[in-house]
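Enquirer: On the provided structure of chain F, position chain B as indicated by the hints.
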Amino acid sequence: MADAPLRADLILEYPFSRTTGPVIGAFLTGLREGVLLGIRRADGTVMVPPAEYEPDTGESLSELVEVGPAGEVVSWTWVDSPRPQSPWDRPHGLALVRLDGADTPMLHGVLVDSPDELATGMRVEVVWSDEREGHIADIAGFVPKEPS
Amino acid sequence: MREVAVVATASRQVPVLTGTTEVQLMVPLIESARAAVGLTQEDIGFTCSGSSDFLAGQAFSFVHTLDAVGAVPPISESHVEMDGAFALYEAWVKLQIGEVDTALVYSYGKSSPGSLRDVLALQLDPYYLAPLWPPADAVAALQARLLLESGAASPEELAGIAVRSQHHAAANPNAVRSSTDVTVGDVLAEAPVADPLRPSDLAAEADGGCAVVLAAGDRASDLCERPAWIRGIDHRIDAHALGVRDLTRAPSAALAASRAGAGGDRLDLVELHSPTTSQEAILVREIGLDDTTVVNPSGGALAGCTLMAAGLMRIAEAADRITGGTADRALAHATSGPCLQQNLVCVLEGA
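Going line by line, the protein sequences match chains F and B.
Note that my numbering gives residue 83 to position 83 of the first sequence, counting from 1, and the numbers run on in steps of one.
Numbering-wise, my numbering comes out as the position in the second sequence, counting from 1, plus 1000.
The following block holds chain F by itself, in its conformation from the complex (with noise of 0.2 Å):
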């Protein structure tokens, strides 16, 4: 007992509503409505997920744009335990997915059973949630896109 770290149960949380506003709000509204959207960047690129401003410069951004619903594997991993927080409770693949139509990746889940079936430059799809409440989680993952 001497060695263990003293230990006291305690629940974080933060009592507030946030409002998401007009770009991430669009986004996860479209993820209810299963729209994937990013948004048009000064230089006319695409950035999903998107934000209001211009990473570079602090430019508003305003112009979105639908993407996907398929995309490329840039990078993955594996992970082996879950977080018991996050939406899912098997192993699974962690992607940087750059849907077709964008510019930059987004991370999400890869379903499949073993880092065996995970490859950069592999094409997967968007896989939706049963119930969508606008949330990152509409989103159950990505599944390998067999060639049409």
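Do not rely on the hints blindly, as some may be mistaken.
[Claimed, not checked] Capping the alpha-carbon separation at 25 Å, the derived lysine to aspartate or glutamate pairs in DMTMM-like fashion look like this:
1) Lys145(F) x Asp113(F)
2) Lys145(F) x Glu1149(B)
3) Lys145(F) x Glu125(F)
4) Lys145(F) x Glu1031(B)
5) Lys145(F) x Asp89(F)
6) Lys145(F) x Glu117(F)
For the record, the hints were derived by calculation from the structure and aren't laboratory data.
Expert: Structure of chain B alone, referenced to chain F:
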């Protein structure tokens, strides 16, 4: 610019701190750092600390730790919810203003009672990333794979960084992971924990704290035979969203090193706050180091990484080698955020 120097340091780091509060941890460290230069708290012009309420599980947790400083009679004091290296930056700015000549900087982290990977998930974007609770080592692994597949580093090079850290750490009593005989082959034989990162690629989690005394101008020379003069210090930040930056680079590290004057002369050593071997490879490239510079003589953060203190410990390790006369010019680095998002560089010189 006013000349400011590190004149005393004290650090302690262990794998798991048991039966000891943060206050009890810091009392002897703060006392030791002040006493090394014959100061009491009444002689300190400004006190600045770094710690995390997310580790303590309590808002304004740093207020308790002021008991380790002594806040009566009232002191001039500040706190950052960042690594102590950033608290040192604030103290350096305060000394530049010129109203005080001495400062005490300290930071600490005790992550063992909770879950560090959960705490680190909360530093990510609150809408797009944090609700997915990606483990910090998995986020770093996405960066490591990009680095490896770009050809900028090989698995053998990353294993070599791990080996060098463990060998150097054998001489560091505050290191929590060290080995005199581990080889690149041994590291490459480890099973990945966050593919492609292996256990030895990830910094060893630790509990600990660090205290540093700064002094300006003649006061530094009076207090210390060979002060470690801060000849440049700079903090830069890259974009928060992981997808909008090239994760194989850290432009903010290169800019901070340049602005701190790192390239002005030969560096005897660098102490890098790199949470993974892949991030160390990126930092070496961004800072522009060659083979004449010893990287992480203490083992670096890989050999023991106390959240909120690992960066300040890098400055302390570099300063100690200058004060002790074994180095003339050193660079210390601290990072914050995911995948080297924020970088602070401090250049120290003995003369």
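Enquirer: Each hint should be assessed against the structure and marked as holding or not.
Expert: Do the hints match the structure? See the list:
| no. | hint | in the structure |
| --- | --- | --- |
| 1 | Lys145(F) x Asp113(F) | holds, 15 Å |
| 2 | Lys145(F) x Glu1149(B) | holds, 22 Å |
| 3 | Lys145(F) x Glu125(F) | holds, 6 Å |
| 4 | Lys145(F) x Glu1031(B) | violated, 62 Å |
| 5 | Lys145(F) x Asp89(F) | holds, 22 Å |
| 6 | Lys145(F) x Glu117(F) | holds, 12 Å |
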